[in-house]
Amino acid sequence: MKKILINFAHPAKGRSNINSQLRAAVENLDGVTINDLYANYPDFLIDVAREQTLCESHDVIIFQHPFYWYSTPAIVKEWLDLVLEHGWAYGKTGTALKGKWFFQAITAGGDATTYHAQGANQFTLGELTSPMRATAHLCLMDWLPPFAVMGVHRGLPLAQVTNHAEDYRRVVMAIRDDLFNKDKAQQNEFLNSHLDETILRP
Amino acid sequence: MEYFLLQLFIFLAASAIAVPVAKRLGLGSVLGYLIAGMIIGPFGISLIGDVEEVMHLTEFGVVMMLFLVGLELRPSMLWQMRTPILGMGGMQVVLSSIVMAAIALWALPWQQALAVGLILSLSSTAIVLQTLKEKALMNTAPGRSVFSVLLFQDLAVIPMLAFMPLLATLALGEGDHHGSVLFDINTLPAYLQVIATVLAVVSILVLGRYGSRPIFRAIAATGVREIFVAAALALVVGISLLMNVVGLSPALGTFLAGVVLADSEYRHELESDIEPFKGLLLGVFFISIGASLNFTLIGDNLALIAGLTAGLIVIKWLILIVVGKLFKVVKKDRALFAVALAQGGEFAFVLFQFAKVNGVLGADTVEPLISAVAISMFLTPLMFMAYEKRAISKDETQINAREADIISHSGHEVILAGFGRLGTDLGRFLISAGVKPVIIDHDATNVDVLRKLGYEVYYGDITRLDLLEAAGAKEAKLLVITIGDITKSTMLIELVKKHYPHLKIVVNAHDRHACFKLMELNIDHIRRETFGSALALGQDALQQLGVDPYEAYRLARIFRKKDGEMMPELYQWHCEEEHYISHYQQKHAELETLMTRDLLADNDELDKAWTAKNPAL
Numbered sequence: 050m051k052k053i054l055i056n057f058a059h060p061a062k063g064r065s066n067i068n069s070q071l072r073a074a075v076e077n078l079d080g081v082t083i084n085d086l087y088a089n090y091p092d093f094l095i096d097v098a099r100e101q102t103l104c105e106s107h108d109v110i111i112f113q114h115p116f117y118w119y120s121t122p123a124i125v126k127e128w129l130d131l132v133l134e135h136g137w138a139y140g141k142t143g144t145a146l147k148g149k150w151f152f153q154a155i156t157a158g159g160d161a162t163t164y165h166a167q168g169a170n171q172f173t174l175g176e177l178t179s180p181m182r183a184t185a186h187l188c189l190m191d192w193l194p195p196f197a198v199m200g201v202h203r204g205l206p207l208a209q210v211t212n213h214a215e216d217y218r219r220v221v222m223a224i225r226d227d228l229f230n231k232d233k234a235q236q237n238e239f240l241n242s243h244l245d246e247t248i249l250r251p
Numbered sequence: 037m038e039y040f041l042l043q044l045f046i047f048l049a050a051s052a053i054a055v056p057v058a059k060r061l062g063l064g065s066v067l068g069y070l071i072a073g074m075i076i077g078p079f080g081i082s083l084i085g086d087v088e089e090v091m092h093l094t095e096f097g098v099v100m101m102l103f104l105v106g107l108e109l110r111p112s113m114l115w116q117m118r119t120p121i122l123g124m125g126g127m128q129v130v131l132s133s134i135v136m137a138a139i140a141l142w143a144l145p146w147q148q149a150l151a152v153g154l155i156l157s158l159s160s161t162a163i164v165l166q167t168l169k170e171k172a173l174m175n176t177a178p179g180r181s182v183f184s185v186l187l188f189q190d191l192a193v194i195p196m197l198a199f200m201p202l203l204a205t206l207a208l209g210e211g212d213h214h215g216s217v218l219f220d221i222n223t224l225p226a227y228l229q230v231i232a233t234v235l236a237v238v239s240i241l242v243l244g245r246y247g248s249r250p251i252f253r254a255i256a257a258t259g260v261r262e263i264f265v266a267a268a269l270a271l272v273v274g275i276s277l278l279m280n281v282v283g284l285s286p287a288l289g290t291f292l293a294g295v296v297l298a299d300s301e302y303r304h305e306l307e308s309d310i311e312p313f314k315g316l317l318l319g320v321f322f323i324s325i326g327a328s329l330n331f332t333l334i335g336d337n338l339a340l341i342a343g344l345t346a347g348l349i350v351i352k353w354l355i356l357i358v359v360g361k362l363f364k365v366v367k368k369d370r371a372l373f374a375v376a377l378a379q380g381g382e383f384a385f386v387l388f389q390f391a392k393v394n395g396v397l398g399a400d401t402v403e404p405l406i407s408a409v410a411i412s413m414f415l416t417p418l419m420f421m422a423y424e425k426r427a428i429s430k431d432e433t434q435i436n437a438r439e440a441d442i443i444s445h446s447g448h449e450v451i452l453a454g455f456g457r458l459g460t461d462l463g464r465f466l467i468s469a470g471v472k473p474v475i476i477d478h479d480a481t482n483v484d485v486l487r488k489l490g491y492e493v494y495y496g497d498i499t500r501l502d503l504l505e506a507a508g509a510k511e512a513k514l515l516v517i518t519i520g521d522i523t524k525s526t527m528l529i530e531l532v533k534k535h536y537p538h539l540k541i542v543v544n545a546h547d548r549h550a551c552f553k554l555m556e557l558n559i560d561h562i563r564r565e566t567f568g569s570a571l572a573l574g575q576d577a578l579q580q581l582g583v584d585p586y587e588a589y590r591l592a593r594i595f596r597k598k599d600g601e602m603m604p605e606l607y608q609w610h611c612e613e614e615h616y617i618s619h620y621q622q623k624h625a626e627l628e629t630l631m632t633r634d635l636l637a638d639n640d641e642l643d644k645a646w647t648a649k650n651p652a653l
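Protein sequence lines, in the order shown, are assigned to chains E and B.
Sequential numbering from 50 applies to the first sequence in the numbering used here.
Sequential numbering from 37 applies to the second sequence in the numbering used here.
These are computed hints drawn from the structure, not numbers from a lab.
Every residue gets a Cβ at the ideal spot worked out from N, C-alpha and C, and that includes glycine.
Don't take every hint at face value.
[As the list claims (entries may be wrong)] Beta-carbon label-pair distances, calculated as ranges: (1) Ala166/E <-> Lys513/B: 54 to 62 Å; (2) Glu628/B <-> Gln171/E: 49 to 57 Å; (3) Arg464/B <-> Val97/E: 17 to 25 Å; (4) Lys513/B <-> Ala183/E: 45 to 53 Å; (5) Ala183/E <-> Glu601/B: 38 to 46 Å; (6) Glu505/B <-> Lys126/E: 46 to 54 Å; (7) Gly582/B <-> Ala183/E: 34 to 42 Å; (8) Ala123/E <-> Gln116/B: 52 to 60 Å; (9) Gln171/E <-> Lys513/B: 50 to 58 Å; (10) Asp576/B <-> Leu189/E: 38 to 46 Å; (11) Asp560/B <-> Glu215/E: 54 to 62 Å; (12) Ala208/E <-> Arg464/B: 52 to 60 Å; (13) Glu215/E <-> Asp576/B: 30 to 38 Å.
Construct all of the structure, not just a fragment, from the sequences and the given hints.
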């Protein structure tokens with residue numbers, strides 16, 4: 050059984066729909082801690098010691114956030130800058146995060162076809178999230194592809210949103226219960242693309 | 037009574053005329069006083085009566101001056117200066133006495149020669165310190181050397197007074213015994229005299245250290261300023277009396293009291309209370325020195341007195357150069373060191389008088405020497421001027437070679453006015469950020485508690501110019517005002533803008549109205565003291581109502597920003613309305629405007645951010 054930390058970042062939660070539903074789907078699960086960054090640090094004064102302790106006491110670290118400008122909301126960058134200290138997260142003695150699983154759960158405006166060399170966004174989501182992947186690598190974490198909900202600009206039908214929320218819940222629970230095929234998932238573009246193959250039956 | 041008032045008027049008027057004129061001519065105030073004295077004295081237009089009496093009375097100015105000097109010298113600093121005081125001072129006094137006594141041996145028996153040598157070795161604390169202060173040289177390296185020597189001389193007066201009667205060779209005049217009116221210590225057996233003397237000094241130290249604080253606190257708590265002044269004066273006068281009784285120098289006693297009180301939070305207050313009295317008394321003292329110059333005598337013995345004066349200055353100057361060299365005073369400072377101390381001092385008047393009375397020296401010896409000493413004192417400010425002229429022309433040729441003076445004054449950059457509810461947290465914050473302010477508050481209890489907690493807090497009314505000066509307004513960069521009373525704040529700001537235009541100002545305003553008052557003074561950094569807390573509480577309230585913390589935070593920020601943007605507009609409105617509606621009505625109308633605005637306020641700034649076009653993300 051793995052303990053899961055979800056670092057949640059949304060600067061305008063009251064106006065978010067999909068992220069709220071995704072969050073609601075995993076909110077009360079055993080072994081899952083939701084760490085709402087904007088709520089905890091409205092003035093951006095991040096408590097580094099607390100954040101490091103949180104990371105140390107979990108096995109999986111998820112960053113859940115809207116995909117703003119091909120990146121994260123501002124506080125996530127602040128979090129990375131402050132919390133991932135040399136000697137703790139990386140460097141010779143920096144092994145605090147070694148072997149922990151890491152992935153992003155993101156909601157993106159354009160749909161999958163626009164994230165393509167010929168699409169409006171020119172690059173794939175995998176390419177655009179590579180800085181996070183490199184970060185995970187430097188911190189000796191096991192990187193997994195992003196859990197992505199795309200095309201939200203057009204507005205998704207309620208049924209689809211519910212499906213995504215249910216998928217998110219299934220992935221999180223499977224990882225928690227050691228029923229997730231990490232190696233297989235790492236081959237996929239998205240964490241939520243072939244769930245029936247990556248989630249094992251007990 | 038009328039006679040007294042007339043005399044007082046003449047002295048005051050003479051200084052009021054002479055000092056500004058002398059300053060305008062670049063002569064310094066001391067010379068101004070001396071010239072005024074010469075003009076109104078018995079040998080000038082003869083406007084004043086008993087000069088000697090006046091001189092005795094105003095010698096007290098010297099006592100006060102040493103008290104003030106003591107206040108600025110913490111015991112630790114005094115301890116640090118022990119080498120220059122004992123070494124330099126001791127050597128100057130001993131060498132000068134021996135050399136001058138040796139010269140005097142030509143004309144006088146050895147006892148008289150020794151007495152003359154001892155008396156002439158002293159310099160003028162009053163003139164030199166006053167001049168050094170005026171020229172801002174007190175905290176420079178040569179200034180401190182000079183001070184050390186002066187301090188030793190003041191100490192040396194005591195054994196001289198004790199020693200002098202042993203040199204008596206002449207028949208005593210009429211038994212004019214110079215004892216205390218209160219109590220004559222000489223009636224006690226010798227060992228009791230010593231005990232009484234030691235007890236007196238110890239009582240000053242103990243009282244200053246432990247007794248003064250509760251007393252001053254109780255007095256300060258009354259809030260009546262004159263009483264504090266009265267207490268300060270009583271302290272100085274009382275110590276002088278005590279010293280007189282046990283036969284010690286009052287100047288030394290008050291100096292000690294000053295040193296003991298240098299660590300006290302009431303230091304600045306005492307300083308600014310005593311300062312004007314000292315200034316006045318010293319001024320009158322200088323006038324009486326000027327007036328006592330006996331021109332008839334000088335005219336009759338011109339060659340003798342000129343020779344004595346020149347000899348006195350030259351010998352002292354040479355010995356000072358030697359002492360300076362031995363104690364490694366930097367070469368360029370040595371000239372100042374020697375110029376400053378190469379004169380006779382006011383203690384010479386006292387000691388010559390004492391020697392005459394005790395049958396050590398005859399009147400015919402004393403008279404020309406007193407004149408020589410007075411003239412040498414008169415020449416001191418002129419010598420300072422000559423020195424400065426030379427030093428400046430030298431500086432111009434070797435600007436680069438000049439080293440910076442060592443300023444011992446630990447420069448505080450910030451003065452914090454008011455250490456109440458607001459000032460406390462502000463002060464704590466500044467200190468935590470490594471900024472150490474000089475804190476001034478007028479609540480004695482407050483001051484006491486805070487000092488116990490280790491803050492550097494002083495008691496006093498910051499709207500007084502002298503206190504601002506004492507707090508170092510000249511060197512400070514910033515004044516932080518946390519006084520609730522807007523009348524006081526505006527008074528303080530006007531004072532500062534006039535006298536210390538370089539000081540930056542940040543100030544709190546009790547309410548919006550006070551804010552307008554401050555805006556009238558063109559102050560840029562004004563904070564309404566309850567505004568921050570109001571918003572913080574509002575933010576808490578919103579959170580408790582379930583508003584997302586980050587949104588509550590941003591709402592508060594947006595509100596603060598909009599309120600700030602609104603202020604100039606409201607100020608305009610306030611200025612226009614001010615003339616024809618009452619204060620109360622105005623507040624009411626203002627409140628109405630504010631509340632209506634807030635009702636209509638749209639927080640589009642919050643809406644626009646992040647999600648305006650992406651409602652679902």
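A quick look at each hint next to the structure:
no.: 1; hint: Ala166/E <-> Lys513/B: 54 to 62 Å; in the structure: holds, 59 Å
no.: 2; hint: Glu628/B <-> Gln171/E: 49 to 57 Å; in the structure: holds, 56 Å
no.: 3; hint: Arg464/B <-> Val97/E: 17 to 25 Å; in the structure: holds, 24 Å
no.: 4; hint: Lys513/B <-> Ala183/E: 45 to 53 Å; in the structure: holds, 47 Å
no.: 5; hint: Ala183/E <-> Glu601/B: 38 to 46 Å; in the structure: holds, 43 Å
no.: 6; hint: Glu505/B <-> Lys126/E: 46 to 54 Å; in the structure: holds, 51 Å
no.: 7; hint: Gly582/B <-> Ala183/E: 34 to 42 Å; in the structure: holds, 39 Å
no.: 8; hint: Ala123/E <-> Gln116/B: 52 to 60 Å; in the structure: holds, 55 Å
no.: 9; hint: Gln171/E <-> Lys513/B: 50 to 58 Å; in the structure: holds, 53 Å
no.: 10; hint: Asp576/B <-> Leu189/E: 38 to 46 Å; in the structure: holds, 41 Å
no.: 11; hint: Asp560/B <-> Glu215/E: 54 to 62 Å; in the structure: holds, 58 Å
no.: 12; hint: Ala208/E <-> Arg464/B: 52 to 60 Å; in the structure: holds, 58 Å
no.: 13; hint: Glu215/E <-> Asp576/B: 30 to 38 Å; in the structure: holds, 37 Å
Violated hints for the displayed structure: none, as all numbered hints are satisfied.
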